[in-house]
Amino acid sequence: MSTETDILVLGGAGVDTIVHVPQLPLPYADSYMLPAIERRAGQTGDFVALGVSALGLRTHHIDMLGDDHEGDLVRALHRDRGIALTEVPAPNGTKRAVNLVGPDGRRLSLYDDSRAHEADRLPEATVRELAARSRHAHVSITYPCAFALPVLREAGVTISTDLHNWDGVNDYHEAFAYEADLVFVSTTALPKPEQTLRQIAERGRARIVVGTAGADGSYLLVDGELTHVPAVTPPAPVVDSNGAGDSYASGFLLGWLSGETPQRSALYGAIAGAYACTVPGTRTDCIGRDELLARAAELESGGAA
1 MSTETDILVL
11 GGAGVDTIVH
21 VPQLPLPYAD
31 SYMLPAIERR
41 AGQTGDFVAL
51 GVSALGLRTH
61 HIDMLGDDHE
71 GDLVRALHRD
81 RGIALTEVPA
91 PNGTKRAVNL
101 VGPDGRRLSL
111 YDDSRAHEAD
121 RLPEATVREL
131 AARSRHAHVS
141 ITYPCAFALP
151 VLREAGVTIS
161 TDLHNWDGVN
171 DYHEAFAYEA
181 DLVFVSTTAL
191 PKPEQTLRQI
201 AERGRARIVV
211 GTAGADGSYL
221 LVDGELTHVP
231 AVTPPAPVVD
241 SNGAGDSYAS
251 GFLLGWLSGE
261 TPQRSALYGA
271 IAGAYACTVP
281 GTRTDCIGRD
291 ELLARAAELE
301 SGGAA
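This note's numbering numbers the first residue of the sequence shown as 1 and each following residue consecutively.
Quick caveat, the hints were computed from the structure, so don't treat them as lab data. Model, not experiment: these values are computed from the prediction. In this text, a Cβ means the ideal position worked out from N, Cα and C, and glycines have one as well. Check before you lean on any hint, since a few could be wrong.
[To be verified] Here are the computed distance ranges between Cβ atoms for each label pair:
#1 Ala294 / Leu226: 38 to 46 Å
#2 Asn170 / Asp216: 17 to 25 Å
#3 Arg203 / Glu225: 12 to 20 Å
[As the list claims (entries may be wrong)] No more than 20 Å apart at the CA atoms, straight line, and that leaves these computed lysine to aspartate or glutamate pairs for EDC-like:
#4 Lys192 / Asp171
#5 Lys192 / Asp216
#6 Lys192 / Glu174
#7 Lys192 / Glu202
#8 Lys192 / Asp167
#9 Lys192 / Glu154
Let's have the full structure, built from the sequences with the hints guiding it.
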């Protein structure tokens, strides 16, 4: 099948307001004087689209956007970065969130869930047409992407998803967890990470399940075997963890779609994720392909992690 897109990203477009706070959790006070409060386009789907595009993969993003200022910010981001965007009207407006970022780069996200509408859907015909021209689809867990999963499966594309901080119990995530060929999940909220990784593999279609653990690296479950991949030392001081998980997924996808082993793909992910932690959340810079491959070669030749 001839394709014009390497990765079709579904969902996860929106705008974040970044607030740098003196500590997390933030003690109650009437007011705080803060260095800056800034708003920028870029939520999970945007960051994956930016990440894989920066790594040289042909990228197309589809999601619902409102006729509002936030939607204009998302449209401008894609236009400026040369990423194809198919937008579907969102009656309740563009998704938005507030991210509180502590001095150590840790993040607390507050999502506005009033933007979702029960009848929201990505048009099946549009999804089918885009999937037919794509090698792979990365599906955000934002509503209404779950309804697009059967269409993607019928189209024959491989599917990946990121469950983020799933607790292993919330049934909202299950459609994504059990329909994807490649699943990423943070271990942060998992009381028994290995058990959840194996549950995903046993109940679903996933050939590879990746548990990301921040500074503790990541865990790969492949063909029933669980292995640990160490974290990579960031190339500069850590300032913000916004987008680190999305960058990890982007790096992993580069390796996976290039035919690399899961272990080397995880190394790519670790390098991209570490780089993202050095970028302030008010920016949307991503590591490039040449820099990532050079860093991977350095580490594999015995350079310091």
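Hints, one by one, checked against the model:
no.	hint	in the structure
1	Ala294 / Leu226: 38 to 46 Å	29 Å, violated
2	Asn170 / Asp216: 17 to 25 Å	23 Å, holds
3	Arg203 / Glu225: 12 to 20 Å	18 Å, holds
4	Lys192 / Asp171	17 Å, holds
5	Lys192 / Asp216	15 Å, holds
6	Lys192 / Glu174	17 Å, holds
7	Lys192 / Glu202	15 Å, holds
8	Lys192 / Asp167	9 Å, holds
9	Lys192 / Glu154	33 Å, violated
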